[in-house]
Amino acid sequence: VIPITLLTDFGSQDEYVGVMKGVILSANPLASIVDLTHEIPSGAVEQAGWVLSWAVQYFPQGTVHVGVVDPGVGSSRRILLVQADGQFFLAPDNGLLSLILKQAKHSKVWAVTNRKFALKPVSQTFHGRDLFAPAAAQLSLGLDPAKLGPVLKRWKQLDFPKARKRAGGKIQGEVIWVDRFGNAVTNIPERMMGGSAKRKTQFQFAIRGRLLRGMQSHYRAVAPGIALAIVGSRQLIEIAVSEGSAAQVLSLQVGDSVEMTTVAV
Amino acid sequence: VIPITLLTDFGSQDEYVGVMKGVILSANPLASIVDLTHEIPSGAVEQAGWVLSWAVQYFPQGTVHVGVVDPGVGSSRRILLVQADGQFFLAPDNGLLSLILKQAKHSKVWAVTNRKFALKPVSQTFHGRDLFAPAAAQLSLGLDPAKLGPVLKRWKQLDFPKARKRAGGKIQGEVIWVDRFGNAVTNIPERMMGGSAKRKTQFQFAIRGRLLRGMQSHYRAVAPGIALAIVGSRQLIEIAVSEGSAAQVLSLQVGDSVEMTTVAV
Amino acid sequence: VIPITLLTDFGSQDEYVGVMKGVILSANPLASIVDLTHEIPSGAVEQAGWVLSWAVQYFPQGTVHVGVVDPGVGSSRRILLVQADGQFFLAPDNGLLSLILKQAKHSKVWAVTNRKFALKPVSQTFHGRDLFAPAAAQLSLGLDPAKLGPVLKRWKQLDFPKARKRAGGKIQGEVIWVDRFGNAVTNIPERMMGGSAKRKTQFQFAIRGRLLRGMQSHYRAVAPGIALAIVGSRQLIEIAVSEGSAAQVLSLQVGDSVEMTTVAV
Numbered sequence: 003v004i005p006i007t008l009l010t011d012f013g014s015q016d017e018y019v020g021v022m023k024g025v026i027l028s029a030n031p032l033a034s035i036v037d038l039t040h041e042i043p044s045g046a047v048e049q050a051g052w053v054l055s056w057a058v059q060y061f062p063q064g065t066v067h068v069g070v071v072d073p074g075v076g077s078s079r080r081i082l083l084v085q086a087d088g089q090f091f092l093a094p095d096n097g098l099l100s101l102i103l104k105q106a107k108h109s110k111v112w113a114v115t116n117r118k119f120a121l122k123p124v125s126q127t128f129h130g131r132d133l134f135a136p137a138a139a140q141l142s143l144g145l146d147p148a149k150l151g152p153v154l155k156r157w158k159q160l161d162f163p164k165a166r167k168r169a170g171g172k173i174q175g176e177v178i179w180v181d182r183f184g185n186a187v188t189n190i191p192e193r194m195m196g197g198s199a200k201r202k203t204q205f206q207f208a209i210r211g212r213l214l215r216g217m218q219s220h221y222r223a224v225a226p227g228i229a230l231a232i233v234g235s236r237q238l239i240e241i242a243v244s245e246g247s248a249a250q251v252l253s254l255q256v257g258d259s260v261e262m263t264t265v266a267v
Numbered sequence: 003v004i005p006i007t008l009l010t011d012f013g014s015q016d017e018y019v020g021v022m023k024g025v026i027l028s029a030n031p032l033a034s035i036v037d038l039t040h041e042i043p044s045g046a047v048e049q050a051g052w053v054l055s056w057a058v059q060y061f062p063q064g065t066v067h068v069g070v071v072d073p074g075v076g077s078s079r080r081i082l083l084v085q086a087d088g089q090f091f092l093a094p095d096n097g098l099l100s101l102i103l104k105q106a107k108h109s110k111v112w113a114v115t116n117r118k119f120a121l122k123p124v125s126q127t128f129h130g131r132d133l134f135a136p137a138a139a140q141l142s143l144g145l146d147p148a149k150l151g152p153v154l155k156r157w158k159q160l161d162f163p164k165a166r167k168r169a170g171g172k173i174q175g176e177v178i179w180v181d182r183f184g185n186a187v188t189n190i191p192e193r194m195m196g197g198s199a200k201r202k203t204q205f206q207f208a209i210r211g212r213l214l215r216g217m218q219s220h221y222r223a224v225a226p227g228i229a230l231a232i233v234g235s236r237q238l239i240e241i242a243v244s245e246g247s248a249a250q251v252l253s254l255q256v257g258d259s260v261e262m263t264t265v266a267v
Numbered sequence: 003v004i005p006i007t008l009l010t011d012f013g014s015q016d017e018y019v020g021v022m023k024g025v026i027l028s029a030n031p032l033a034s035i036v037d038l039t040h041e042i043p044s045g046a047v048e049q050a051g052w053v054l055s056w057a058v059q060y061f062p063q064g065t066v067h068v069g070v071v072d073p074g075v076g077s078s079r080r081i082l083l084v085q086a087d088g089q090f091f092l093a094p095d096n097g098l099l100s101l102i103l104k105q106a107k108h109s110k111v112w113a114v115t116n117r118k119f120a121l122k123p124v125s126q127t128f129h130g131r132d133l134f135a136p137a138a139a140q141l142s143l144g145l146d147p148a149k150l151g152p153v154l155k156r157w158k159q160l161d162f163p164k165a166r167k168r169a170g171g172k173i174q175g176e177v178i179w180v181d182r183f184g185n186a187v188t189n190i191p192e193r194m195m196g197g198s199a200k201r202k203t204q205f206q207f208a209i210r211g212r213l214l215r216g217m218q219s220h221y222r223a224v225a226p227g228i229a230l231a232i233v234g235s236r237q238l239i240e241i242a243v244s245e246g247s248a249a250q251v252l253s254l255q256v257g258d259s260v261e262m263t264t265v266a267v
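Chains as they are written, first to last, in the numbering used here: chain A, 3 to 267; chain B, 3 to 267; chain C, 3 to 267.
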């Protein structure tokens with residue numbers, strides 16, 4: 003049994019996600035469907051791309067990931083099918099998959115043009131149901147991806163902001179996600195710290211005019227209410243507040259600049 | 003494997019939905035359970051009925067749909083089992099299923115009176131767990147519906163508002179749902195437009211004192227912030243705002259009147 | 003097929019829950035995963051313990067329940083594996099399972115110390131993914147619990163407040179949960195009423211300076227807007243308001259004192 007994951011900005015109040023599952027189960031009654039999240043802010047393609055890039059490594063070979071954050075639905079934007087490092091990805095050609103494609107060692111891209119498996123008629127407003135779900139079901143049943151359309155050599159790239167090294171050993175990054183607990187996830191990967199994140203090297207973070215010192219090993223390593231930096235579960239530096247919300251206490255939001263400096267000890 | 007769908011006003015904070023799944027899996031360990039939505043406003047039977055009517059066509063033959071929006075739980079209201087066009091439906095006899103029954107080509111109705119499969123004791127407050135879930139599990143295992151109770155000839159009807167043709171080719175409808183994106187779904191079906199929704203005929207919509215002209219093919223066919231009418235994924239006319247929320251921008255809510263006029267071209 | 007349930011404070015906006023499911027399905031592709039709830043307030047170990055205690059009786063023998071409300075993640079707190087009355091429980095050693103342990107007729111406790119099945123490297127911030135999910139998957143595949151670590155004789159106890167009998171036949175309890183509908187669930191069990199909850203005995207409840215009389219059989223047994231006491235689906239006394247929210251109308255919240263008196267008839 004191959005999992006199918008769903009990642010959308012559909013929220014939970016409408017029947018949209020349930021109906022996609024109905025379409026999938028109509029074609030593959032044994033499908034194992036996992037919700038990644040449906041709470042991507044409406045139309046936030048970049049945030050969907052980040053989430054997907056963080057999730058893929060925890061799913062088995064062959065998993066079919068469906069990402070429907072699709073503000074251009076019904077326009078002429080294409081639908082991409084990507085095979086990357088042994089997993090499949092379906093998403094609009096709006097950049098959602100460009101991070102996956104950049105990180106993959108081996109990848110191949112198709113445009114989904116064959117409507118043999120599509121629901122009829124295909125609506126102008128809900129391709130998640132009419133095109134993505136049927137294609138995902140077929141892939142989970144073992145369909146050869148080449149049956150869905152021609153190979154593509156170019157697709158829409160989206161600029162996922164990267165942390166950069168600056169003069170004086172500084173690293174310039176930004177907040178790219180605020181999680182449920184109010185932890186501010188930055189785009190500074192642990193490996194940019196030279197593998198020293200867990201050693202005694204001192205780091206200093208400048209964010210919103212504040213300075214934070216040192217890396218902590220866990221959220222409660224400091225007193226309640228105190229801000230800290232930590233290597234989060236996505237292998238990225240997070241700004242957190244012990245027993246509190248960094249987003250609230252420090253007024254952090256996506257896009258805020260974060261500057262990291264290595265401090266001599 | 004036959005899917006069982008769940009549609010409730012239970013929200014996501016309590017263990018209610020999870021416990022219904024536990025009861026189902028205790029009887030049928032292989033059940034494939036799909037959440038339609040659990041965010042129906044508390045006690046909003048009519049909205050649950052709409053959602054169910056929009057979802058059923060995407061589920062396979064034999065699917066068991068469980069609708070528990072049940073403000074009268076514990077009173078003497080009956081529980082209905084409906085077989086309609088090859089699918090099963092369990093819901094309180096409060097009108098939730100009346101739209102399904104009206105739209106079905108073939109249907110049969112039973113009262114669920116046999117408590118052989120019920121949890122003991124049956125609580126006064128949670129029939130979703132004690133009566134609906136066990137019955138759904140049995141139906142998914144192939145139980146003959148007649149085993150659950152006697153055939154019914156009458157049940158509670160709920161008036162789902164219908165769009166009406168008026169003098170001068172006008173169509174009078176109303177907003178029946180506001181979706182996650184702030185799109186206002188009306189009860190005017192595409193087919194009422196004479197199949198012309200996709201042709202060049204001009205339409206004009208009067209809503210909240212505003213006039214909208216024309217039908218658009220997709221949400222981004224007009225500039226950001228501009229209101230539009232579109233045939234939505236439920237085959238109903240929706241009022242939307244490009245890259246925005248029609249509900250917010252136009253202050254729309256369920257019950258608002260919508261008048262459609264065909265305009266000479 | 004053995005169900006695995008997930009109970010967390012992770013909410014629904016991040017990929018956390020989806021990723022735990024990916025880890026489980028990577029080890030056991032046939033796992034049947036049920037969400038109990040992910041809306042436990044951040045770090046509210048006690049509320050997670052209540053929810054779990056209410057849910058277990060509705061799941062089949064062998065079910066593996068995973069409770070990750072884990073503010074101490076990354077610190078030296080242990081991970082417990084409990085076998086209680088035929089079901090398995092994984093949770094941090096922070097008291098989350100102490101109610102389950104208190105209520106169980108037969109139980110056995112292990113510390114999860116074997117990292118053979120853990121993801122590598124184990125993060126400091128997300129043991130739900132790296133330790134709990136792999137262990138749950140193995141248990142659902144039939145792993146002998148003793149393979150995960152040594153038997154424990156002591157663990158952290160959390161004081162779940164108990165209703166107490168007072169002079170004059172009074173019972174002193176408190177509000178321990180407010181559900182989606184605004185019903186205030188107390189810690190006064192139905193059985194404390196001497197089995198008389200359903201008979202004609204009169205009861206009086208003092209809560210927030212108000213007096214409520216009598217027990218009702220269902221929510222709509224009184225007129226809209228009227229407060230009532232009822233035996234809820236958890237076999238606990240609830241304070242509710244007919245067609246309304248007791249939490250709002252009576253300004254109730256977790257921790258509020260409730261005093262029950264038996265009234266002579």
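These are computed hints drawn from the structure, not numbers from a lab.
Don't take each hint at face value.
[What the hints assert, rightly or not] Cut-off 20 Å, straight-line C-alpha distance, at most; resulting in silico cross-link-like pairs (SDA-like, lysine to any residue): (1) K158(A) / Q237(A); (2) K158(A) / R222(B); (3) K122(A) / K110(B); (4) K122(A) / S55(B); (5) K122(C) / D258(A); (6) K122(A) / H220(B); (7) K122(B) / K118(C); (8) K122(B) / H220(C); (9) K122(B) / Q63(C); (10) K158(B) / Q59(C); (11) K122(C) / Q59(A); (12) K110(B) / R168(B); (13) K122(A) / K122(B); (14) K118(B) / Q59(C); (15) K122(B) / R193(C); (16) K122(A) / P152(B); (17) K122(C) / P62(A); (18) K122(C) / H220(A); (19) K118(A) / P62(B); (20) K122(C) / K158(A); (21) K122(A) / P191(B); (22) K122(A) / Q237(B); (23) K122(C) / Q237(A); (24) K118(A) / K118(B); (25) K118(C) / Q59(A); (26) K122(C) / E192(A); (27) K122(B) / S219(C).
Now for the hints, and whether the structure bears them out:
no. : hint              : verdict
1   : K158(A) / Q237(A) : violated (27 Å)
2   : K158(A) / R222(B) : holds (18 Å)
3   : K122(A) / K110(B) : violated (28 Å)
4   : K122(A) / S55(B)  : holds (18 Å)
5   : K122(C) / D258(A) : violated (31 Å)
6   : K122(A) / H220(B) : holds (17 Å)
7   : K122(B) / K118(C) : violated (43 Å)
8   : K122(B) / H220(C) : holds (17 Å)
9   : K122(B) / Q63(C)  : holds (18 Å)
10  : K158(B) / Q59(C)  : violated (34 Å)
11  : K122(C) / Q59(A)  : holds (12 Å)
12  : K110(B) / R168(B) : violated (34 Å)
13  : K122(A) / K122(B) : violated (46 Å)
14  : K118(B) / Q59(C)  : holds (19 Å)
15  : K122(B) / R193(C) : holds (16 Å)
16  : K122(A) / P152(B) : violated (38 Å)
17  : K122(C) / P62(A)  : holds (16 Å)
18  : K122(C) / H220(A) : holds (17 Å)
19  : K118(A) / P62(B)  : holds (19 Å)
20  : K122(C) / K158(A) : violated (34 Å)
21  : K122(A) / P191(B) : holds (17 Å)
22  : K122(A) / Q237(B) : holds (12 Å)
23  : K122(C) / Q237(A) : holds (12 Å)
24  : K118(A) / K118(B) : violated (46 Å)
25  : K118(C) / Q59(A)  : holds (19 Å)
26  : K122(C) / E192(A) : holds (15 Å)
27  : K122(B) / S219(C) : holds (17 Å)
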